[in-house]
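Asker: Input sequences plus hints: build the corresponding full structure.
Heads up: the protein sequence lines correspond to chains A and B, in order. Mapping of the first sequence onto our numbering: residues 35 to 156, in sequence order. Mapping of the second sequence onto our numbering: residues 44 to 158, in sequence order.
Simulated from the structure, these hints should not be mistaken for lab results. Some clues are possibly wrong.
[To be verified] In silico DSS-like links for lysine-lysine, alpha-carbon gap of 30 angstroms or less: (1) B:K153 with B:K99; (2) B:K95 with A:K91; (3) B:K111 with B:K150; (4) A:K91 with B:K150; (5) A:K91 with B:K153; (6) B:K150 with B:K103; (7) B:K95 with B:K150; (8) B:K150 with A:K47; (9) B:K103 with B:K120; (10) B:K111 with A:K91; (11) B:K153 with B:K111; (12) B:K99 with B:K120; (13) B:K153 with B:K120; (14) B:K95 with B:K153; (15) B:K99 with B:K111.
Single-letter residue listing:
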Amino acid sequence: KAGVTQTPRYLIKTRGQQVTLSCSPISGHRSVSWYQQTPGQGLQFLFEYFSETQRNKGNFPGRFSGRQFSNSRSEMNVSTLELGDSALYLCASSLPGTESSWGPVVYSYEQYFGPGTRLTVT
Amino acid sequence: GNSVTQMEGPVTLSEEAFLTINCTYTATGYPSLFWYVQYPGEGLQLLLKATKADDKGSNKGFEATYRKETTSFHLEKGSVQVSDSAVYFCALIYGSGAGSYQLTFGKGTKLSVIP
Numbered sequence: 035k036a037g038v039t040q041t042p043r044y045l046i047k048t049r050g051q052q053v054t055l056s057c058s059p060i061s062g063h064r065s066v067s068w069y070q071q072t073p074g075q076g077l078q079f080l081f082e083y084f085s086e087t088q089r090n091k092g093n094f095p096g097r098f099s100g101r102q103f104s105n106s107r108s109e110m111n112v113s114t115l116e117l118g119d120s121a122l123y124l125c126a127s128s129l130p131g132t133e134s135s136w137g138p139v140v141y142s143y144e145q146y147f148g149p150g151t152r153l154t155v156t
Numbered sequence: 044g045n046s047v048t049q050m051e052g053p054v055t056l057s058e059e060a061f062l063t064i065n066c067t068y069t070a071t072g073y074p075s076l077f078w079y080v081q082y083p084g085e086g087l088q089l090l091l092k093a094t095k096a097d098d099k100g101s102n103k104g105f106e107a108t109y110r111k112e113t114t115s116f117h118l119e120k121g122s123v124q125v126s127d128s129a130v131y132f133c134a135l136i137y138g139s140g141a142g143s144y145q146l147t148f149g150k151g152t153k154l155s156v157i158p
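Answerer: Next up, the structure:
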């Protein structure tokens, strides 16, 4: 089974431009999450999509947006790029795990990551 | 809020040495815990996981036990190899309502194994 694919792998943009990144999940996976990885802040959650709906969003400005298509492929868009947006953008897909019946809900979702898109803003 | 703290790196070991990377977490409820590994130029790969207290996750000689009483999930390997050189991330996952969830990661620990 093919893994998560992300395109493009590398991208160089200028401040003020906008960019669109693409992610194709593993076949059958319906949830797609996006993360930003930088040396200073580490890995930070951007948003998560399931069945074309954004279910959760991290603490990022509105310049960061995304969408999911009916085939579960997802795109994220960053408008008015800033130098600080230079980062590795990772996409992850998952199937829901099992929820415990012994008490509180236990989330066991395994997320599978793509190779990332390296965005450099100059 | 939820958070993960793991030991600062970098860690440099000789081949066949014993590895421990400490990880502690703060979370409400019952998160699942993970270790991910990132090789140079690649995305993250799931190394192992544990979903409830006292669970032991293991894979490729690596082990970690979910300790709820100490809120820890330390990664161990008895004999490291040069090929284990990578960055290791401890993470937890928790529900955010409406069926959604997100991973919270530690800062990562870079491991270098020398022959």
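Asker: All hints are to be evaluated individually against the structure, with a verdict given for each.
Answerer: Verification of the hints:
no.: 1; hint: B:K153 with B:K99; result: holds (23 angstroms)
no.: 2; hint: B:K95 with A:K91; result: holds (26 angstroms)
no.: 3; hint: B:K111 with B:K150; result: holds (21 angstroms)
no.: 4; hint: A:K91 with B:K150; result: holds (20 angstroms)
no.: 5; hint: A:K91 with B:K153; result: holds (28 angstroms)
no.: 6; hint: B:K150 with B:K103; result: holds (22 angstroms)
no.: 7; hint: B:K95 with B:K150; result: holds (23 angstroms)
no.: 8; hint: B:K150 with A:K47; result: holds (27 angstroms)
no.: 9; hint: B:K103 with B:K120; result: holds (9 angstroms)
no.: 10; hint: B:K111 with A:K91; result: holds (28 angstroms)
no.: 11; hint: B:K153 with B:K111; result: holds (25 angstroms)
no.: 12; hint: B:K99 with B:K120; result: holds (13 angstroms)
no.: 13; hint: B:K153 with B:K120; result: holds (15 angstroms)
no.: 14; hint: B:K95 with B:K153; result: holds (27 angstroms)
no.: 15; hint: B:K99 with B:K111; result: holds (12 angstroms)
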